[in-house]
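Enquirer: Sequence:
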Amino acid sequence: MIPIAGQMRGVSLMWTLQTCSNAIQFCATAMMTALTPPATFCITGADRSFKMRKVLYIICDGLGDLPTKGKTPLSSAQKPNIDSLAKQGQCGLLHTIGRGIVPGSDTAHLALFGYNPYKYYPGRGTFEALGARMKLKAGDVAFRCNFATVDSERKVLDRRAGRLKNAKPLESAINAIKLKGCTLKFASTVEHRGVLVLHGEGLSKEVSDTDPHEIGRRIMRCKPLDKSAEAQRTASLVNEFTRHAVSVLRRHKFNANRSKPANALLLRGAGCYSKVDGIEKRYGIKATCIAGGALYKGVARFVGMHVPYVRGATGRADTDLEAKARAALSALKEREVVVIHIKATDSFSHDGDFEGKQGMIERIDKMIGLLKQEAKDAYFILTGDHSTPVALKAHSHEPVPVLISGPQMRSDSVKTFDEFSCASGSLGHLTGLELFRTMVGLTRKAEKFGS
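Mapping of the sequence shown onto the numbering used here: residues 1 to 451, in sequence order.
Be aware that one or more of the hints could be misleading.
[Unchecked claim] Dumping the calculated EDC-like pairs for lysine to aspartate or glutamate here, alpha-carbon to alpha-carbon at most 20 Å:
id: 1; residue 1: Lys-185; residue 2: Asp-151
id: 2; residue 1: Lys-376; residue 2: Asp-318
id: 3; residue 1: Lys-281; residue 2: Glu-334
id: 4; residue 1: Lys-69; residue 2: Asp-351
id: 5; residue 1: Lys-185; residue 2: Asp-209
id: 6; residue 1: Lys-137; residue 2: Glu-230
id: 7; residue 1: Lys-393; residue 2: Glu-434
id: 8; residue 1: Lys-119; residue 2: Glu-334
id: 9; residue 1: Lys-87; residue 2: Glu-362
id: 10; residue 1: Lys-155; residue 2: Glu-280
id: 11; residue 1: Lys-333; residue 2: Asp-377
id: 12; residue 1: Lys-71; residue 2: Glu-362
id: 13; residue 1: Lys-415; residue 2: Glu-362
id: 14; residue 1: Lys-135; residue 2: Glu-201
id: 15; residue 1: Lys-253; residue 2: Glu-230
id: 16; residue 1: Lys-223; residue 2: Glu-201
id: 17; residue 1: Lys-71; residue 2: Asp-365
id: 18; residue 1: Lys-333; residue 2: Asp-277
id: 19; residue 1: Lys-372; residue 2: Glu-322
id: 20; residue 1: Lys-372; residue 2: Asp-320
id: 21; residue 1: Lys-260; residue 2: Asp-351
id: 22; residue 1: Lys-71; residue 2: Glu-434
id: 23; residue 1: Lys-366; residue 2: Asp-351
id: 24; residue 1: Lys-366; residue 2: Asp-318
[Stated by the list, open to error] Cβ-Cβ distance ranges computed for the label pairs, FRET-style:
id: 25; residue 1: Tyr-309; residue 2: Lys-165; range: 11 to 21 Å
id: 26; residue 1: Arg-250; residue 2: Gln-373; range: 31 to 41 Å
id: 27; residue 1: Tyr-309; residue 2: Arg-221; range: 18 to 28 Å
id: 28; residue 1: Gly-181; residue 2: Gly-359; range: 44 to 54 Å
id: 29; residue 1: Ser-152; residue 2: Gly-359; range: 18 to 28 Å
id: 30; residue 1: Gly-441; residue 2: Arg-243; range: 50 to 60 Å
What the hints contain is simulated information worked out from the structure, not anything from laboratory work.
Every residue, glycine too, gets a C-beta built ideally from N, C-alpha and C.
Model the full assembly from the supplied sequences, consistent with the hints where possible.
Expert: Here it is, written out as structure tokens:
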């Protein structure tokens, strides 16, 4: 016995070794209880080490939806591989920019890649040009373009000209247009999409769109958004270009037998290039982006991701998902993070095609099955950049389901991946920037905040 003498109100205190042992055991138990996750969580994954991990970051464009007869394309789809990830991981809802905000695909991806769009957004045209590998110089102004079908009064009948598959034959005619005191470069990208870059002095991105963003309205006049001479000059050049484009396209043989001729160009998202610190310098990670669409390649290049050419990655519904998966697995050998972007879920939504969107999700599930088989130690993040309900045929403010799954995860009680089930997931509600920071944490490259 080791006596520990003391007096408290006249009572002598004597502790034995057994008493000390009991006290220590009690403290240890209390500490373990405080550190144990809630009962609804469990630790998954056999590897208990905290070495750097790889992440497959899968973004299904326009994934979120609203119920039609109680079901969404996501909740209707047969997707055993995706649901398996949900069971093994954590789920939640993603507000890409913030609650109540309807995201554009450009600003949404900027946030999903870790850059605050309110600070770093250069205009959509910049991303489209970078995605098309067009050279941008200081002072150039770039625009996203849509080939559209208009009537004789320039009223828009179809904003996508029937979603034409290939507009390359129209490039040379557009590039032959001459503007006073300014040169232009036009490139067709995917389907109805294109990019226009204006080169010259005294230009400004502070001009409005000519795209009315809905059918039944006439092509809009481009207007200066400030009082500068540069903005006024640029608006005048855009209007001149629009007139020439309508004239050239209306006479083009490409449109001779089309029920929905590509007889106009709608411009939007004027932007100028500005350099930002790349993702490796900013976050310490190397990333690759596998995508077919120019916009998504452009955002990735803007933040310094590697963007390889992948044969069969079309950015359309016919995209080769297996080729994308193989390219991602190859890139994962050299990079901590590989983004796989899939556009067709959004395209089906804009066309109001519930079954088409559901079928695309089921194809994506098979791709994820291949990835799961080949990248067993990787983390998976699956989400969308925004909701595009098929009933609306447009982007909406509703959040998008998100899951994170992989080794050493505190799995929650969600069993299926859809808009309804994920609302009860342990991730709660996240923004795009929060999701990206969480992803950096998974790689074990996040820096400590504090000393």
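Enquirer: The structure should be examined with respect to each hint, and the outcome stated for every one.
Expert: Against the structure, the hints:
1. At most 20 Å may separate the alpha-carbon atoms for a hinted pair to count; Lys-185 and Asp-151 exceed this at roughly 26 Å.
2. With a C-alpha separation of about 27 Å, the suggested pair Lys-376 and Asp-318 falls outside the 20 Å cut-off, and the hint is violated.
3. Restraint check: the Cα-Cα separation between Lys-281 and Glu-334 comes to about 17 Å, which is no more than 20 Å; the hinted pair holds.
4. About 19 Å separates the Cα atoms of Lys-69 and Asp-351, which keeps this hinted pair within 20 Å; it holds.
5. In summary, the hint linking Lys-185 to Asp-209 is supported, as the alpha carbons are separated by about 18 Å, within the 20 Å threshold.
6. With a CA separation close to 16 Å, the supplied pair Lys-137 and Glu-230 stays within the 20 Å bound.
7. Taken as a hint, the Lys-393 and Glu-434 pair is broken in the structure, with Cα atoms around 28 Å apart against an allowance of 20 Å.
8. Taking the CA atoms of Lys-119 and Glu-334, the gap is near 30 Å; set against the 20 Å cutoff, the hint is violated.
9. With a C-alpha separation of about 18 Å, the suggested pairing of Lys-87 with Glu-362 holds against the 20 Å cut-off.
10. Among the hinted pairs, Lys-155 with Glu-280 is inconsistent with the structure: their alpha-carbon atoms are about 46 Å apart, more than 20 Å.
11. Of the supplied pair hints, the one linking Lys-333 and Asp-377 holds, its CA atoms being roughly 12 Å apart against a limit of 20 Å.
12. Among the hinted pairs, Lys-71 with Glu-362 is consistent with the structure: their alpha-carbon atoms are about 15 Å apart, no more than 20 Å.
13. The straight-line distance between the Cα atoms of Lys-415 and Glu-362 is roughly 17 Å, inside the 20 Å bound, and the hint therefore holds.
14. At most 20 Å may separate the alpha-carbon atoms for a hinted pair to count; Lys-135 and Glu-201 meet this at roughly 16 Å.
15. Simply put, Lys-253 and Glu-230 have alpha-carbon atoms about 36 Å apart, too far for the 20 Å limit, and the pair is violated.
16. Straight-line distance between C-alpha atoms of Lys-223 and Glu-201 comes to about 19 Å, which keeps the hinted pair within the 20 Å bound.
17. Between the alpha carbons of Lys-71 and Asp-365 the distance comes to roughly 18 Å, so the proposed pair stays at or under 20 Å and holds.
18. Only pairs whose Cα atoms come within 20 Å are accepted, and Lys-333 paired with Asp-277 is rejected, the gap being roughly 24 Å.
19. For the suggested pair Lys-372 and Glu-322, the alpha carbons sit about 13 Å apart, so the restraint of at most 20 Å is met.
20. Our distance criterion of 20 Å between C-alpha atoms is met by Lys-372 and Asp-320, whose separation comes to about 18 Å.
21. Distance restraint check for Lys-260 and Asp-351: the Cα-Cα separation of roughly 15 Å lies within the 20 Å cut-off, and the hinted pair is therefore satisfied.
22. Annotation: proposed proximity of Lys-71 to Glu-434 is violated, straight-line Cα distance about 29 Å (limit 20 Å).
23. Between Lys-366 and Asp-351 the CA atoms are separated by roughly 23 Å; this puts the pair beyond 20 Å, and the hint is violated.
24. Taken as a hint, the Lys-366 and Asp-318 pair is honoured in the structure, with Cα atoms around 15 Å apart against an allowance of 20 Å.
25. One distance hint, 11 to 21 Å for the beta-carbon pair Tyr-309 and Lys-165, holds here, with the actual separation near 19 Å.
26. Separation of Arg-250 from Gln-373 is about 52 Å and departs from the stated range, judged on CB atoms against 31 to 41 Å.
27. Checked against the hint of 18 to 28 Å, the C-beta distance between Tyr-309 and Arg-221 comes to roughly 39 Å, which is inconsistent with it.
28. At about 50 Å, the CB distance of Gly-181 to Gly-359 agrees with the hint of 44 to 54 Å.
29. One distance hint, 18 to 28 Å for the beta-carbon pair Ser-152 and Gly-359, is violated here, with the actual separation near 38 Å.
30. A C-beta distance of roughly 53 Å is found between Gly-441 and Arg-243, which places it inside the suggested range of 50 to 60 Å.
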